[in-house]
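**Student:** Let the sequences and hints guide you as you build the complete structure.
Chain residues, written in single-letter form:
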Amino acid sequence: MADLRINFAGIESPNPFWLASAPPTNSGYQVQRAFEAGWGGAVWKTLGDPILNVSSRFAATHFNGQRVAGFNNIELITDRPLEVNLKEIYETKKRFPNHTIIASLMVEPKQEKWHEIVKRVEEVGVDGFELNFGCPHGMAERGMGAASGQVPELVEKQTYWAKEVATKPVIVKLTPNITDITATAEAAVAGGADAISMINTINSLIGVDLDSWNTVPHVAGKGAHGGYCGPAVKPIALNMVAECARSPHINVPISGIGGISNWRDAAEFMLMGSSSVQVCTAAMHHGFSIVEDMIEGLNNYLDDKGLASVMDLVGRSVQRYSDWGDLDLNYKVVAQINNDVCINCNKCHIACEDTSHQCIDLYTESGRPMLKVRENDCVGCNLCSIVCPVEGAISMVELKNTLPPMTWNERQAIMNQFAPTTNVK
Amino acid sequence: METYEDVLQEMAAIDAMLAEGYKFKVVYENLSGTFAELEKQSNTAMLQILTAEARKYLAVKLKEQVTVT
Chain A
162 MADLRINFAG IESPNPFWLA SAPPTNSGYQ VQRAFEAGWG GAVWKTLGDP
212 ILNVSSRFAA THFNGQRVAG FNNIELITDR PLEVNLKEIY ETKKRFPNHT
262 IIASLMVEPK QEKWHEIVKR VEEVGVDGFE LNFGCPHGMA ERGMGAASGQ
312 VPELVEKQTY WAKEVATKPV IVKLTPNITD ITATAEAAVA GGADAISMIN
362 TINSLIGVDL DSWNTVPHVA GKGAHGGYCG PAVKPIALNM VAECARSPHI
412 NVPISGIGGI SNWRDAAEFM LMGSSSVQVC TAAMHHGFSI VEDMIEGLNN
462 YLDDKGLASV MDLVGRSVQR YSDWGDLDLN YKVVAQINND VCINCNKCHI
512 ACEDTSHQCI DLYTESGRPM LKVRENDCVG CNLCSIVCPV EGAISMVELK
562 NTLPPMTWNE RQAIMNQFAP TTNVK
Chain B
2 METYEDVLQE MAAIDAMLAE GYKFKVVYEN LSGTFAELEK QSNTAMLQIL
52 TAEARKYLAV KLKEQVTVT
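If you read the protein sequences in the order shown, they are chains A and B.
When we follow this note's numbering, the leftmost residue of the first sequence carries the number 162, and every step to the right adds one.
When we follow this note's numbering, the leftmost residue of the second sequence carries the number 2, and every step to the right adds one.
None of these hints come from the bench; they were simulated from the model.
Remember, it's a predicted structure, so these values are computed and weren't measured experimentally.
Just so it is clear, CB atoms sit at the ideal spot from N, CA and C, and this is done for glycine as well.
Careful: at least some of the hints might be erroneous.
[Unchecked claim] Calculated pairs, BS3-like style, for lysine-lysine (alpha carbon to alpha carbon, straight line, at most 27 Å):
| no. | chain 1 | residue 1 | chain 2 | residue 2 |
| --- | --- | --- | --- | --- |
| 1 | A | LYS561 | B | LYS57 |
| 2 | A | LYS329 | A | LYS318 |
| 3 | A | LYS493 | B | LYS57 |
| 4 | A | LYS466 | A | LYS533 |
| 5 | A | LYS248 | A | LYS329 |
| 6 | B | LYS62 | A | LYS533 |
| 7 | B | LYS62 | B | LYS41 |
| 8 | A | LYS274 | A | LYS329 |
| 9 | B | LYS26 | B | LYS57 |
| 10 | B | LYS41 | B | LYS26 |
| 11 | A | LYS493 | A | LYS508 |
| 12 | A | LYS493 | B | LYS62 |
| 13 | A | LYS561 | B | LYS64 |
| 14 | A | LYS533 | A | LYS493 |
| 15 | A | LYS466 | A | LYS395 |
| 16 | A | LYS493 | B | LYS41 |
| 17 | A | LYS271 | A | LYS324 |
| 18 | B | LYS64 | B | LYS24 |
| 19 | A | LYS329 | A | LYS255 |
| 20 | A | LYS395 | A | LYS324 |
| 21 | B | LYS26 | A | LYS561 |
[As the list claims (entries may be wrong)] Have a look at the derived ranges for each label pair, beta carbon to beta carbon:
| no. | chain 1 | residue 1 | chain 2 | residue 2 | range |
| --- | --- | --- | --- | --- | --- |
| 22 | A | ILE397 | B | THR70 | 45 to 55 Å |
| 23 | B | ALA20 | A | GLY553 | 43 to 53 Å |
| 24 | B | ASP7 | A | ASN499 | 44 to 54 Å |
| 25 | B | LYS26 | A | LYS561 | 51 to 61 Å |
| 26 | B | THR70 | A | GLY553 | 27 to 37 Å |
**Tutor:** Here it is in structure tokens:
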């Protein structure tokens with residue numbers, strides 16, 4: 162039985178599964194039920210000046226029969242007074258002293274505002290703070306949230322102000338609505354952040370109703386951009402976590418957020434550098450009890466891998482995440498089709514013929530339709546294996562005896578040695 | 002659409018030049034592909050490599066020449 166306890170920037174937690182700052186962590190009632198279900202921690206829904214929310218706040222992308230492939234919200238931070246939230250935080254922490262409560266905070270970019278809210282919230286016994294520099298809607302228009310989070314100087318300054326008065330760890334939550342998240346991550350570190358978390362939600366519009374021409378969702382016939390999350394964003398979030406984890410300029414713990422739905426997703430984020438993970442959409446879709454499978458699944462995985470502690474997983478794949486220019490150009494895989502498993506839907510042939518390298522041939526053998534890859538022409542793009550609906554019908558096989566390894570950067574260095582000394586057309 | 006036959010042809014052309022004792026002198030790339038100028042004593046030859054796989058092969062041969070010299 163592996164040890165799932167984590168120590169995140171000095172914050173002890175019984176396991177790495179935290180609820181993200183969002184509707185599931187709006188109240189003490191909810192957070193306490195979550196802790197009863199097994200969640201290790203919760204980031205309380207963002208505290209600040211109480212806002213007003215609209216009705217019709219959420220929408221989702223459903224894809225090919227899969228409900229909630231992605232999720233969009235135009236809900237803002239807490240609409241409850243600070244004192245109400247603080248009372249419930251205090252009560253929750255008293256009832257669950259060993260569980261982690263992080264208070265998410267968002268105020269105007271003014272030093273006195275940050276000092277006030279940090280001091281007041283710290284008094285009720287939170288284990289740490291998460292500074293919300295990421296809400297892409299509603300708050301950004303008021304100079305907060307993503308509007309702060311897209312400006313490194315503001316990230317650094319506000320982090321510094323919070324750290325001036327906080328005695329508990331300060332986590333800075335970063336917006337993905339930016340060209341390079343490592344820039345704001347570095348700014349957070351420069352401001353004194355004890356840790357960073359990412360990603361917040363992505364600017365999005367779910368869709369347009371083809372009958373009414375309204376946006377989805379709409380509020381009395383009008384829409385506004387919202388924040389996208391859920392399984393669809395996992396690759397974007399995982400990349401951003403990995404880019405920060407591999408940066409030599411960012412040496413603080415990372416809490417990974419973005420489409421984590423099960424223990425596998427959590428393990429992937431941890432392998433790419435997260436030492437805690439935060440979940441929202443999956444809990445909203447399936448309820449708090451999903452954490453039971455997450456805990457059991459992660460435990461079993463660690464046992465299978467011979468790892469005694471979940472912390473042994475953190476960052477183990479980071480060194481494998483590289484720049485494109487350092488990938489081996491001469492590494493070669495090719496597709497191989499198992500005709501005993503293949504159902505002859507021909508999707509591989511169609512995809513390859515129309516959109517890739519035209520190297521999957523149809524033929525007949527003893528009256529039976531067959532498919533074969535011309536390996537010499539196969540570039541190993543993986544497309545056929547991706548579109549194939551049958552597990553095991555197509556394998557991508559590594560070829561031996563290819564050329565010696567050479568990266569693009571190495572190639573360019575060699576080419577430069579033979580470059581002409583005069584301009585050649 | 003490049004075929005494996007095109008790749009083999011271009012690789013064979015590189016190997017043939019090297020087998021005759023030619024060495025790479027100048028190599029450059031532009032919109033039309035990779036151009037390799039080879040020389041052997043006072044003789045020069047030019048290869049234009051179009052296929053991606055043969056361009057990778059060329060880089061390996063360039064590295065071999067650099068390593069030896």
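**Student:** Out of the numbered hints, which ones does the structure contradict?
**Tutor:** Numbers 4, 6, 16, 20, 21, 24, 25, 26 - these are the hints that the structure violates, sorted from lowest upward.
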